[in-house]
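Colleague: Spelled out from the first residue to the last, the chains are:
Number of protein chains: 2
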Amino acid sequence: MRKGLIIVHTGNGKGKTTAALGLAFRALGNGFKVCMIQFIKGTWKYGELKAAEKFENFEIIPMGKGFVNLGSEKPDPKDVEAAKDAFEKAKSVIFSNNYDMVILDEINYAILYKLLDVDDVVEILKNKPEKLHVILTGRNAHEKIIEIADLVTEMREIKHPFHKGIKAQRGIEF
Amino acid sequence: MRKGLIIVHTGNGKGKTTAALGLAFRALGNGFKVCMIQFIKGTWKYGELKAAEKFENFEIIPMGKGFVNLGSEKPDPKDVEAAKDAFEKAKSVIFSNNYDMVILDEINYAILYKLLDVDDVVEILKNKPEKLHVILTGRNAHEKIIEIADLVTEMREIKHPFHKGIKAQRGIEF
Chain X
31 MRKGLIIVHT GNGKGKTTAA LGLAFRALGN GFKVCMIQFI KGTWKYGELK AAEKFENFEI
91 IPMGKGFVNL GSEKPDPKDV EAAKDAFEKA KSVIFSNNYD MVILDEINYA ILYKLLDVDD
151 VVEILKNKPE KLHVILTGRN AHEKIIEIAD LVTEMREIKH PFHKGIKAQR GIEF
Chain U
31 MRKGLIIVHT GNGKGKTTAA LGLAFRALGN GFKVCMIQFI KGTWKYGELK AAEKFENFEI
91 IPMGKGFVNL GSEKPDPKDV EAAKDAFEKA KSVIFSNNYD MVILDEINYA ILYKLLDVDD
151 VVEILKNKPE KLHVILTGRN AHEKIIEIAD LVTEMREIKH PFHKGIKAQR GIEF
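Protein chains in written order, with the working numbering: chain X, 31 to 204; chain U, 31 to 204.
Since the hints were made in silico from the structure, they are not lab data. These numbers were taken from a predicted model, which means no experiment stands behind them. Check the hints yourself; a few may be wrong.
For chains that are exact copies, the list does not tell them apart, and a pair is met inside one copy or across any two.
[Said to hold, decoys possible] Listed next, the in silico BS3-like pairs over lysine-lysine satisfying Cα-Cα at most 30 Å (straight line):
#1 Lys144 with Lys95
#2 Lys104 with Lys33
#3 Lys84 with Lys63
#4 Lys63 with Lys104
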């Protein structure tokens, strides 16, 4: 039986959600059923939503709210509620046995800002169906998420158009 | 007018080609025309080729040969020839004005193993059509490629199923 992997895309660079999308694309081509749950609203663009429509085996569930205020001492109860709703939805999707791959997009962000309890997330990962692939994205993945994951990639920004002119840093393997 | 970016995905981790695929997926959804030229044969899997067929605005051109022998002192002339053919193809695609995005998959690898001269690659990047996005993938991107790029992301392996048990390294931001 196929062993479903727990995959984490984290780091400060581009490509976390994009690489998840690439994995989805590959899985869809294999005839897998894929579900993507969006924990932070508005991070998916028109293009990918439009492309996703081509595949009847790809479901995108937009949940959550926009990016929460980073400066605030305590998370807004409305953000917490939206994240909990997304989490409940994720749980029912994961345990539905209707999918081969579930993407929890930006869930790391929701954990980081205490909209979700990391232990609750670890709990469902521990008990997920054996064959199911689960992909978690978002910067600053929690250590407990890294711990339970099979495959963790850090997307690290070396150069960005907004600060062009900054040289790639020494000591980074390239 | 849109400014086409030069984007590099490098590093030892997973997700370099996958994130390029995700960018293609997004672009395709926007109605862009995308061409992917494969500098190393066999890195694309059945799933993505199958998914790509859904889009008539996505062309995949498999060129190059399998992964070359890393241990050899000098590259095999046949590998050099295959890489040169791929490069000529890439040039004609880039200057055809028929595409909005061109992916040069694993080209960094071909440069690293001296199948291609980095200066020739830089030359076409310098002169590419203004609006065209070009994505270069592969580990160990050459410093001159980093230099000319607008956006560089390093995909860094933190944890891999093949060496499970290895803890995420300290000092890495997560």
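Colleague: State whether the alpha carbon distance between Lys63 and Lys104 is at most 30 Å within one copy, between copies, both, or neither.
Modeller: neither (37 Å within a copy, 45 Å between copies)
Colleague: State whether the alpha carbon distance between Lys84 and Lys63 is at most 30 Å within one copy, between copies, both, or neither.
Modeller: The answer is both: 13 Å in one copy and 16 Å across copies each meet 30 Å.
Colleague: Please work out whether the CA atoms of Lys104 and Lys33 approach to 30 Å or closer within one copy, between two copies, in both situations, or in neither?
Modeller: Intra 39 Å, inter 40 Å, cutoff 30 Å: neither.
Colleague: At most 30 Å between CA atoms: does that hold for Lys144 and Lys95 within a copy, between copies, both, or neither?
Modeller: Cα proximity of Lys144 and Lys95: one copy only (14 Å, versus 49 Å across).
Of the numbered hints stated above, those contradicted by the structure are hints 2 and 4, listed in ascending order.
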